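Chains A and B, in that order, give the protein sequences. For the first sequence, our numbering begins at 1 and goes up steadily by one. For the second sequence, our numbering begins at 1 and goes up steadily by one.
The hints are simulated quantities; they were obtained by calculation from the structure and are not laboratory data.
If you want the ones that stay clear, here's a sample from chain A, every Cβ over 10 Å from chain B, calculated:
1) K4
2) V13
3) E16
4) L21
5) R24
6) V39
7) R60
8) W68
9) V70
10) R73
11) Y84
12) W107
Selected chain A positions facing chain B (Cβ under 10 Å, derived; list incomplete):
13) R51
14) V79
15) A82
16) Q83
17) L86
18) Q93
19) Y95
20) E96
21) M97
22) S98
23) F99
24) E114
25) N115
26) F117
27) E118
28) V119
Pair ranges (Cβ atoms, derived):
29) B:K39 x A:V31: 38 to 44 Å
30) A:A65 x B:D132: 56 to 62 Å
31) B:P180 x A:R51: 54 to 60 Å
32) B:D112 x A:R51: 28 to 34 Å
For clarity, every value in this text was computed on a predicted model and none was experimentally measured. Backbone N, C-alpha and C define an ideal beta-carbon position, used for all residues, glycine too.
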Amino acid sequence: MSEKRRKAYARGVLAESLIALLLRFKGHRIVARRYRTPVGEIDLIATRGRRLAFIEVKRRSTYEAAAWSVPTRQRRRIVRAAQYWLAGHPGFQGYEMSFDVVLSAPWSFPTLIENAFEV
Amino acid sequence: MFARVTTVAFEGIEARSVDVQVQIGPGMPAFSIVGLPDKAVAESRDRVRGALNAIGLALPPKRVTINLAPADLPKEGSHYDLPIALGLMAAVGAVAPDAIEGYVVLGELSLDGSIARVDGTLPAAIGANTLDKGLICPKPCGAEAAWAAADMPILAPANLLALVNHFKGLQSLSRPEPEPEPEPEAMPDLKDVKGQESAKRALEVAAAGGHNLLMIGPPGSGKSMLAQRLPSILPPLEPSEMLEISMIRSLAGNLSGGRIGRARPFRSPHHSASMAAMVGGGTRARPGEAALAHHGVLFLDELPEFQPQVLDALRQPLETGETVIARANHRISYPSRIQLVAAMNPCRCGRAGEPGYSCRQGQGCADRYQARISGPLLDRIDIQIEVPAVSAADLSLPPASEGSAEVRRRVVAARQIQAARLEELGEKRARTNSECDGSLLEAIAEPDPSGLTLLREAAETLGLSARGYHRSLRLARTLADLDGESRISRLHIAEALSYRGETLRGASGQGARLNQTVAA
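Isolated chain A, as found in the complex (with noise of 0.2 Å):
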């Protein structure tokens, strides 16, 4: 890995942790993180009252950046492994699902897309 890619990662990984923390700070409940699976990676899974939601955290230099990286094939790589992991755990199976987007740029306050992309 080129030391530039692995400096983009650790910035993202670092975005994520704060965004799970501003989420719990909105009430929501995580409940899983980092989630890997054959078919795709969700980077949060968090619950607030009956709503589950499965969220892309996207880093980017600017906020425009950021808007536009979620293309076709990442979405279906993110409601393939959203399958995969209610599999797994049918106690959410009545929940009300959304696919979440929650865009990060340095020095600003990030901004969660509800119901940003469908099946």
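Chain A is fixed; fit chain B onto it per the hints.
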């Protein structure tokens, strides 16, 4: 959360009721439409989402499933947007589900929430009326729908918000008013045609009996001019006929203003017309020229220039009065009772048969040109006449004393005789002599003894086929009706025999023989 809305799918001019079932349930957020939607229907989810956003409603992040029942009937067209949107709004509680229960809904949505016009509103309104329901349709189609029934409730909102407010009671939508009947358009008059007296007579006979007509003549002899004047001497449309024509036009998307006049349709497709253009077809199995000319005139100029398959496809509508389009997913029939009027040149240069002109190509050219029309099609054309070139002397004549109005009076009188006679015999389908066949023809067209003798002799000397024999009888019946006589006399038979088109198919020798027979 479940809701259902009624809409329609079109099969020909019939509207079949379709149930739009909307279910919003838990699960991964998704929006799916099932029930054999075509591309335009499947895309409606983005239009519906945009329109709902525009009026301040968001789709819930839930599993939304839309089922269009019956599930085995293919759904085509853009008119499913509004029923889907209303079903969603009922399912999330934005409108009361029982408010939309009594309506058949159709309309296309724009992203800003306005409702755009759709084709086929009139058949849908008639379908809704048979289901004892009201109709919700786009505003531009309101006048069209209002014509279907005087007492059914019709809502024609301009946008989704107006409809929601109507159901909430904040704003009331009034029933759209049907357009008044348009003023009769000025049609070309038969007076404009100078000379051509025999062709005018043939045109009158064709109009009186609803017979198909073929005119053969050199370029510039006035064939097209005559054909264009045929609607002006045909009787005006009956209300039931107007409704049928309007339904076909509504489906084809050219019922502008929602009301048609009482003039009979006159369609003149170009000779490059394809099979789909002529009898209907395409992905949505749209009505073709034959259906659009229902109860009117289909004029084919330059008949031999049409593709032979296209012409032969017209045999079915000419025979049965309807066109059936069979496709992988459809079997649709459109009513097409047409009167075929065709015009052609005798040969490629158009001068064959002109006195004193001998073509370098010889007779073969004319024969080849005329052979492009199949015999079975020609067999279905009762009147085949020659239209000679107009002479300069004819052009300088004063205008004819008789115009379309006088001729039409005679035609209407003859048609009334036919209708009364056929009604007396308990015939439901046929309304004119041209539609009579077999035993019905024998019952109505019995010539007097001298006429019968002439017909028999002619049949023997000319070698008339069974169909040719009946054709002459049918024509003679119309000629007698024009004279207001109940019996067919020798004179009528003789005139009928003269419309047989002996120039075609190298039967020129028969003409001379016919003259001998009549003289004898």
